[in-house]
Amino acid sequence: MKRSEFYYDLPQNLIAQDPLEQRDHSRLMVLNKETGEIEHRHFYDIVDLLNEGDVLVLNDSKVMPARLYGVKEGTMGKFEMLLLEQKGYNLWEVLVRPGKKAKIGARFVFGNGLLTATVRDIVEEGNRIVEFEYDGNFFDVLDQIGEMPLPHYITHKLEDKDRYQTVYAKELGSSAAPTAGLHFTPELLKKIQEKGVKVEFVTLHVGLGTFRPVKEEEITDHKMHTEHYQMSQKTADAINEAKANGKRVIAVGTTSCRTLESVAQKEGCIRASEGYTDIFIYPGYQFKVLDCLITNFHLPESTLIMLVSALAGYEHTMHAYQVAVQEQYRFYSFGDAMLVV
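Numbering (the working numbering), first residue to last: 3 to 343.
Be aware that a few hints might be false.
[Said to hold, decoys possible] So the derived label-pair ranges between C-beta atoms look like this:
no.	residue 1	residue 2	range
1	248	116	47 to 57 Å
2	174	79	23 to 33 Å
3	214	243	30 to 40 Å
4	215	140	26 to 36 Å
5	223	142	24 to 34 Å
6	36	9	19 to 29 Å
7	158	116	23 to 33 Å
8	155	287	22 to 32 Å
9	243	14	37 to 47 Å
10	79	271	46 to 56 Å
11	92	41	15 to 25 Å
12	288	158	32 to 42 Å
13	114	13	41 to 51 Å
[What the hints assert, rightly or not] List of simulated lysine-lysine pairs, DSS-like, C-alpha gap at most 27 Å:
no.	residue 1	residue 2
14	4	192
15	74	172
16	236	200
17	172	64
18	74	89
19	268	249
20	268	236
21	74	103
22	105	80
23	4	249
24	245	217
25	35	200
26	236	249
27	89	64
28	172	236
29	200	290
In short, the hints are calculated from the structure, not lab data. For glycine and all other residues, C-beta sits at the position ideal for the given N, C-alpha and C.
Work out the full structure, taking the sequences as your base and the hints as a guide.
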């Protein structure tokens with residue numbers, strides 16, 4: 003398929019700039035993958051749409067305040083650094099702007115000297131490997147001076163850092179939030195569990211590659227980024243039991259979906275595992291685990307809209323996005339949600 007087949011026209015005013023005051027009051031489009039039928043609900047209605055014995059799989063990765071603003075030692079020129087992935091003790095792969103002056107050996111200072119970084123290597127796509135120096139705990143320092151790495155399409159300042167975290171975020175390591183989970187509240191999760199739905203967790207640390215545009219016209223020429231995932235034995239057992247009993251597995255977000263399908267592909271079944279995945283899911287893909295998906299509305303021509311199309315069907319998905327625009331749904335990270343059933 004061609005990249006251009008996944009284009010849709012989105013008015014700028016439909017890009018959500020701020021989170022809703024109440025997380026679970028966002029709108030919810032319910033899309034039937036068999037018929038293409040669409041229903042308009044609110045996210046708190048999700049309790050009514052899940053069945054006893056279903057397994058709801060959430061990504062418990064926590065977003066780091068990964069954006070750092072500082073200066074280059076010597077010239078005092080202003081620099082921005084974005085943490086992507088830890089590569090070793092105090093070694094991180096980062097994105098640096100402006101990149102041309104971030105040569106090997108260059109040093110940067112952040113937070114008036116609380117943190118310094120030295121460029122050790124230049125890697126794929128111009129990213130840098132830097133070595134950090136600091137006193138105390140790295141993540142404590144990061145919490146003091148770092149900012150949440152909001153996507154480029156969000157131009158409003160985020161007043162409360164926690165609104166770009168899920169309420170169940172636990173494992174620190176993401177450079178972007180698994181945003182489908184932002185709609186859940188502790189009270190809503192409790193109601194879901196009381197209905198007999200099993201709530202289980204996987205970890206996939208979201209990299210900035212999630213937002214990397216597809217540049218190739220033939221989508222199969224696109225190379226996916228790799229992300230680190232972890233599947234516990236407890237979650238694996240719950241999924242296997244649900245599948246054996248004819249119950250549904252519902253992924254919250256494309257990151258949970260990619261974790262489940264990666265494990266199934268590599269292991270042949272769902273079992274405890276850890277590793278890196280660069281799985282690219284697009285129409286024609288045969289799902290091995292997933293039955294349903296809760297997700298937000300994604301950018302045109304992105305790998306994420308391609309993943310949704312693989313599950314819901316291309317025509318159904320593109321029509322649903324047309325309807326979402328007509329009905330003035332809120333799009334992207336702080337926007338409304340879709341449930342594919």
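Status of each hint after checking the structure:
| no. | hint | verdict |
| --- | --- | --- |
| 1 | 248 x 116: 47 to 57 Å | holds (55 Å) |
| 2 | 174 x 79: 23 to 33 Å | holds (30 Å) |
| 3 | 214 x 243: 30 to 40 Å | holds (36 Å) |
| 4 | 215 x 140: 26 to 36 Å | holds (31 Å) |
| 5 | 223 x 142: 24 to 34 Å | violated (43 Å) |
| 6 | 36 x 9: 19 to 29 Å | holds (25 Å) |
| 7 | 158 x 116: 23 to 33 Å | holds (27 Å) |
| 8 | 155 x 287: 22 to 32 Å | holds (27 Å) |
| 9 | 243 x 14: 37 to 47 Å | holds (46 Å) |
| 10 | 79 x 271: 46 to 56 Å | holds (53 Å) |
| 11 | 92 x 41: 15 to 25 Å | violated (51 Å) |
| 12 | 288 x 158: 32 to 42 Å | holds (41 Å) |
| 13 | 114 x 13: 41 to 51 Å | holds (42 Å) |
| 14 | 4 x 192 | violated (43 Å) |
| 15 | 74 x 172 | violated (33 Å) |
| 16 | 236 x 200 | holds (11 Å) |
| 17 | 172 x 64 | holds (5 Å) |
| 18 | 74 x 89 | holds (22 Å) |
| 19 | 268 x 249 | holds (23 Å) |
| 20 | 268 x 236 | holds (18 Å) |
| 21 | 74 x 103 | holds (9 Å) |
| 22 | 105 x 80 | holds (15 Å) |
| 23 | 4 x 249 | violated (35 Å) |
| 24 | 245 x 217 | violated (37 Å) |
| 25 | 35 x 200 | holds (23 Å) |
| 26 | 236 x 249 | holds (17 Å) |
| 27 | 89 x 64 | holds (18 Å) |
| 28 | 172 x 236 | holds (16 Å) |
| 29 | 200 x 290 | holds (19 Å) |
Figure legend: structure checked against the earlier numbered hints; hints not met, in rising order: 5, 11, 14, 15, 23, 24.
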